[in-house]
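**Student:** Below are the chains, spelled out letter by letter.
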Amino acid sequence: MKRPNIKGSIRQRLVAMLLLSAGAIGVLLYLVVQSVASQIAQESQDNILAASAISILDSARVQQGEISIDLPYSALSMLDSVTDERAFYAIRLNDDFLSGYEKLPRSKDFAGGDTTFQSASYLGQDIRIASTRRSYSIEGEQAFLEVSVAQTLTGLNQTLARVSQIALAVGVGFFLFSAVVALLIALSTIRPLHRLTESVSRRGPADLRPVAAPVPTEMAPLVLSLNSLMGRLQKSLSQSEHFIAEAAHRVRTPLAIVRTQAEITLRRVEKEENRKSVREMIRAIDESSRTAGQLLDHAMVTFRTDNLADETVDLSELVTDVVERLSPLSDLKDIEIAILKLEPVAIKGDAILLQSALHNILDNAIKYSSGQTQVALSLTKKDGFADIVISDSGPGFQDGDTEALLKRYARGQNAEGVVGSGLGLTIVDEVMRAHGGSITLSNNAGGGACVTLSFPLG
Amino acid sequence: MRFLLIEDNEALAKAVLDRLGMDGHVVDHAGDLETAMEFTATTDYDLILLDIMLPDGDGRSFLTHHRAGKSLTPVIVLTARSEVSDRVGMLDLGADDYMVKPIDFSELEARVRAVLRRRGGEARNVIAMGNLEFDSLAGTLKIAGKETQLRTRELRLFEIFINAPNQIFSKSKLVDRLFSYDEEASENAIEVYVGRLRRHLTGSQVMITTVRGLGYKLETE
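Here the protein sequences line up with chains A and B, keeping their order.
Here full-length UniProt numbering is used: the first residue of the first sequence is 1, the next is one more, and so on.
Here full-length UniProt numbering is used: the first residue of the second sequence is 1, the next is one more, and so on.
No lab work stands behind these hints, which were simulated from the structure alone.
C-beta: ideal position from N, C-alpha, C; glycine also.
Hints may be right or wrong, so weigh each one.
As the list claims (entries may be wrong) - Pulled from the structure, derived: some chain A residues nowhere near chain B, Cβ distances all over 12 Å:
hint : residue
1    : ILE264
2    : SER370
3    : LYS381
4    : THR402
To be verified - One-sided and incomplete, this derived list gives chain A residues near chain B with beta-carbon spacing under 7 Å:
hint : residue
5    : HIS249
6    : THR253
7    : ALA256
8    : ILE257
9    : ARG259
10   : THR260
11   : GLN261
12   : ARG267
13   : LYS276
14   : ARG279
15   : MET281
16   : ILE282
17   : ASP331
18   : LEU332
19   : ASP334
With these hints in hand, go ahead and build the complete structure from the sequences.
**Tutor:** Put into structure tokens, the structure is as follows:
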């Protein structure tokens, strides 16, 4: 059977697409969690810094044109006591430095309001600075009191690293979970297809009924066209069967008339040369009808081996039937078909094909044997095989013929004078292969052909 | 023997009638199922030859009808189809045998004999001549009460002679009647068979004599 032209796999494509989107969502999740978390951390630090700066500013008093600041202890201690962070501050009045760390970077401008934040580097460490200012009127002049509070970022960075790890874990976890779900989805999506495949492939050779297995909506058009295809196949099969029958009838009926008339003529004609040509005529008719028959048989065999029936066949009964059917023919030549041994054997297979195969072999044996001889047949079981051995005392096979004879239209080198199409052994070979068996052609020690049909048992 | 041929093709039917008539059989011809059933209702036949494709129905329905009526007349189906499955189906429906057209009449004769033997031989076809009795169905010669079994070819050869006593048969004509068309048979083979028949006929009042240059004929004393 021809392998289907496979391009891609729905399951793989589905899994790949689901994994891709899961991956994208995972990465996005990681980025969002990380940025939100670091933003929240930053904001809370900023709030603390701002609160600290404002509480310092709140402690400033203007008395008689002097600003006095009573630096509250808690304002700075809450920045460095709990954690190992270092805290810095600077207090400035306008551009004059009043107290704290003089080199602490100043806020560039207060355009965004009275409190601003900035990140900077101080004493070799990353810091976050909150600056806030308030205006005072000192001796009639407006002055800005500016307080900057700063904190190192060691703790924050550690927190951020942890957050980042968690975000990564969340992203990867989501991806793995999605991957499993994707596989399950792909499997369950494919399952109806599998069910359909099974319900179609389990069928027998002649079963062309519409598919009845339940399928999802999306597969309905497929099943619909499958059913319509099978309907058409059924129709065309019965048409071609009808056609073959009709063609055989049309061809064989006139052949039958000619042959019968020829036989009548042969009885009436006296002259030897006329009788010779009539004999030739009959031979030609026999040859063409035989070839037609074997061509039809071959077509039948090809069809049936493609869709092998699986019934239990009693080989010994089959052998007896075929021998009985052929004995009138062998009687005509006084040939005796002797069944030497007949062990009870049953195999799985197609009775009609097996009958056709054995019929062909025995027919050959009768055809090629001369009169008053014996064709011997035996059916035996040995070493896990059932063997049907048919041997005759005809001319046997020529050396080198045994392989070639199984080919289509091949005839033996010593087949001259015997009507045949060369399809007989091909049919047998195909039937045997379909049953997992084999045909072996050999010659008897005392002359004559020996054909062994070997079937595996069990 | 009396045959009924059910065949819709007139030309073929006529040819078969002529040919079977040559062997001394009486053959009625029915061109369709209706005529066939009328014939079988009124006449006892030794054998029915049945074509499968008929104008007013399938030969299979005749088989079914025939068997349902408990008729014992054997039926040989003449089919134009050669598929094995078809043949097996025929036998299942109660046909005794089948042949694929075109018919080889020697084969038909052999099959008729086999079918009639299987049927238990109600239709005896015994010819008596002097102290000799010949049963063509069983293939036996009885001479003064002593029975001899003939082999098929001896039987067929003897049949040819006894159905036309005193007629001269040339060796080549006998070759045609006795051997199949794809067999290489010489006229010497005929001498061998005639020799055997003569041995079997020893003690009877029937003899096969040689007509020099022409052939053989059967004579009685």
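**Student:** For every hint, state whether the structure bears it out.
**Tutor:** Against the structure, the hints come out as follows:
no.: 1; hint: ILE264; result: violated, 5 Å
no.: 2; hint: SER370; result: violated, 8 Å
no.: 3; hint: LYS381; result: holds, 26 Å
no.: 4; hint: THR402; result: holds, 23 Å
no.: 5; hint: HIS249; result: holds, 4 Å
no.: 6; hint: THR253; result: holds, 5 Å
no.: 7; hint: ALA256; result: holds, 4 Å
no.: 8; hint: ILE257; result: holds, 5 Å
no.: 9; hint: ARG259; result: holds, 4 Å
no.: 10; hint: THR260; result: holds, 4 Å
no.: 11; hint: GLN261; result: holds, 5 Å
no.: 12; hint: ARG267; result: holds, 6 Å
no.: 13; hint: LYS276; result: violated, 9 Å
no.: 14; hint: ARG279; result: holds, 6 Å
no.: 15; hint: MET281; result: violated, 9 Å
no.: 16; hint: ILE282; result: holds, 5 Å
no.: 17; hint: ASP331; result: holds, 4 Å
no.: 18; hint: LEU332; result: holds, 5 Å
no.: 19; hint: ASP334; result: holds, 5 Å
Checked against the numbered hints given earlier, this structure breaks hints 1, 2, 13, 15; the rest are met.
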